[in-house]
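A.B. asks: The primary structure of each chain is shown beneath.
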Amino acid sequence: MRRGLIFAGLIAGFSTLAVNAAQAVEIEYWQYVFETRVKAMDELIANFEKANPDIKVKQTTFPYADYQTRVVAANMGGKGPDVMQLFYGWLDKFVAGKLLQPLPTDMFPHDKIESDFFPIVTAMKRGENYYGLPTAVRSLALFYNKKLLKDAGIETPPKTLDEFVKAGIATTKRDAAGNLIVAGTTLDMAGQDHQWWREILVRQYGGAPYSDDNKKVTYNSEAGVKALKFYTDLQTVQKIGQAGFMDEGQAAFRAGMAAMTIDGTFRLGAFKSINTFEWGVTELPANAEGVRSNYASYFANGIGGKVSGEKLEASKKFLAYISSPEAMDIWLKTVGELPARRSAALTEANLADPIFGPFLKGLEYAHTTQFVDEAAQRQTAIDMANRVLLEGQTAEESVAQAAAAEQAIIDGVKK
Amino acid sequence: MASTPTQTEGAAPRRPTGPVWDRLSMKTKKLIWVWSFLALPILFYSVIRFYPTLQAFWLSLTDWDLMQPPVFIGLGNYKRLFADPQFWKVFRNTFTYLIIGTPISLVLAFVISYYLDRVKIMHAFIRALYFLPFLTTAAAMAWVWRWFYQPAPIGVINDLLGLMGLPQQPFIRSVTQALPSIMVTSIWAGLGFQIIIFMAGLRAIPSTYYEAARIDGLGEWAILRKITLPLLKPTTVFLVVFSSIGFLRIFDQVYNMTTNDPGGPLGSTKPLVLMIFQTAFSSYEMGYAAAQTVVLFSILLVVSLLQLRVLRDK
Amino acid sequence: MMSTDTNPKVAAAFGASIRPGRIIAWTLLLIGGLIMVTPLLFMFSTSLKTAGQVYDLRIIPAAPTLENYIKVLSDGRFMRWFFNSAFVAVTVTLSNVFFDSLVGYTLAKFEFRGRYLIFLAILSTLMIPTEMLVIPWYLMSSQLGWLDSYWGIMFPGMMTAFGTFLMKQFFDTIPNDFLEAARIDGLNEFQIWWKVAMPLVTPALSALAIFTFLGNWTAFFWPLIVTTSRELYTLPVGLSSFAVEQSIQWEMIMTGAAIATLPTLIVFLVLQRYIVRGVMLAGLKG
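Residue numbers (the working numbering), protein chains in the order written: chain F, 1 to 415; chain E, 1 to 314; chain B, 1 to 286.
The set of hints was computed from the structure by calculation and includes no laboratory data. Fair warning: there could be bad hints in the mix.
[Claimed, not checked] Listed below are several chain E residues computed to face chain B (Cβ distance under 10 Å; list not exhaustive):
(1) W35
(2) L106
(3) I112
It should be emphasised that the depicted structure is a prediction, and the values quoted were computed from it without experimental measurement. Glycine included, each C-beta is placed from N, C-alpha and C at the ideal position.
Bound-form chain F, shown alone (with noise of 0.2 Å):
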């Protein structure tokens, strides 16, 4: 009899033991949808699986305008993920909110974080803790249709704003009743142009956008009312451009509508399927002075606030994957977007890239805006060009309304 307990109690154990490891640990990664950002994170996940066949990660997405919506309400209801991206811009509220946890400095030392990525990581700190890693950083280039600039006569692409103009002026094209056939450049507010001019004209015609401690909105002057002008009079003066044509800029410039656009490496992927032109990247034109600006930005990867036990450690070492130098290379070669990592982005092959080589140095004298609310401060940016463009306003009202409303949106903040 007691042999037969014994027995049946080692049996017992062992099939706690075979069940428990029959169960993988399942942890639920989020991010937004893009498609290849999508892919990018499929192949990393296989790759994480196959290295650690006990834990599983099931990636769900969402439209970029629900994103934030989402992780909040999941959160709510306690159903939140376990490891989550969200835009550096968005880390007050996480934190405020206490969807993120901090990042355990076991298996991710300040140290080590400061000296392997990008200054711009420091974003991501509040207080004494890291909330996030990136996979991968952003900046903005204008790229070129190297055909259209070559058949208008222009041999290389523009490296200051006057020879941008004269390339827009020379390489587009209209039909008999006046209407825009090829666009010189895509005007698109909504796409990045909103960035090109927050960081970049205003500064290149001598403003800032905001105050230091980003608390003010200072681009309601002189400068900014001039960067403005210089944008709407893409459209209305030298007539190179219209905002909206083919809907949106990317779109004009993938079907060889457009000679040149100003997008960031995040577009690297989409662009890359273009065969029915060859297409070319340099960097942000500089002002008549030299001055060069540029923006960038980062998505990061956070732990949820909840987050605990097995499924904090199966976190853990899927964050370590998915900001290591491996996945970093995997995300360069499938979304375009630069590793985090200096060392893995400022290798020669990189710098030596005509693709990535501008991109790259255009991080390096970037800034990056703090946003409290992205998409109604893109709206408000939107809003100032179609009022110019649209409803005849002039710079001046348009630009002092706009930071008004900006104003309005940042004081509305709750800390």
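With chain F held as given, fit chains E and B onto it using these hints.
C.D. replies: Okay, now just chains E and B, sitting in the frame of chain F:
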């Protein structure tokens, strides 16, 4: 000892029996049936319709961003709403959809149904042509119309205008033309339904009226004014209320036709429902959004009651 | 039974003579009808064109090709979305046909205390717009785990006041003698409803089914809010995200729209008589 009732031949075998059941009166038995039929539905309506309504009202009095617990702020949301110029723009847009859309739609529908009623050759075919748009998915057709409205060389309408030598129109890229452009899409979709309903109403008018009018020598126009239209009033009232509610709640077309600048350009097409959607699911200000829904509810209520009152009295 | 073709009374009253005015009216109506379906024609014709041909205005494509359809359908997502919409629409329709009739019947055929109150209460829900309820529904769903599930998409519409009201109107017209006879025959109340009353209102049931199916097949707002993963999108929501993704590839967008629209069109063409009759019935009783 259960007593089984005598089974009439051919009756279904599943009649409840048993000592408890048989001692109940007919009336009570019926009552039990009634309430067991109604139990689940009553639960459903309470949980799915009534409770959420109360919750929406309560939410509208709070400030809640889903991350911290809701904070009671009384009428704060409403004060903020009525002071917000964007709200008044949205309010104007919503009423523009209503005030211009409903009459155009109904007049068009009536004229078409009036003549279609008399058509004998290919009646079913022509009727199908008008009705097909009603069966389409608003979201899908919004994209078709969006393509139609593109500037040349992509957009069909502008291409046609170009062929005819007429100037290009910006349509959904213009602050003045965008709203009407989207409204056209909505009218187009709803016309078929209104035509069919009008035709049903026309059919319901007894032919004796027409015959009597003919004998009296009344011309067609007079018959229309004195007989047809008055007798169509219930149908007209129904359609006025129905389509008003539809226009006040417009969303699918606007959302899909302005994806890169929702409700644009410059908010000229944004109806109240889109504002609610953005407030709740992009800015996640649940309390503020709930207040907007209460306002929508009130508008619908007032407009419907007003219409019923005014149209019934006439 | 109402005829769904030319109004014979009108024709009789006004004579069937062919007058020039009549011909003009007929022609205008025909042209108007063709204009009405132009968007649909262009949608279908563009879906058969390649990207380069999108810009030529011919309704009949020069070289029609099915490659867009193959691309879209082999994507797999569309079939998934199609299935989701079908599942949701069918389930909700069946639920409405069952419950709305049951409640409508009960309110029509039984005398009991609270009958009027219940009727008014249900009717009053007609005044509550779904837009006001989506926020509470969303909160409810996220707390109960209904977000991103079929139940989450379906639950708000399982029973409707409109359907209940419609069925009640029709049940009101059934003579009680039939029901009494069934009672004498020993049928219980449920069987009386199911086997005696329901067959007598089939026109109303088909009208209800058609409306409910159509409404759920084309629903956009609530499914947009409650679904989070792409696999669960219903067809309208999926098409919308597909269209945004395709940016300016209009031939693909038109193909997607065509796939979304084709089923209802085919059903209509087959069941035209019933559908029109159903709409007329609903309108008259409404």
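A.B. asks: Does each hint hold? Answer for all of them.
C.D. replies: A quick look at each hint next to the structure:
no.	hint	verdict
1	W35	8 Å, holds
2	L106	14 Å, violated
3	I112	7 Å, holds
Going down the numbered hints, you'll see the structure goes against just number 2.
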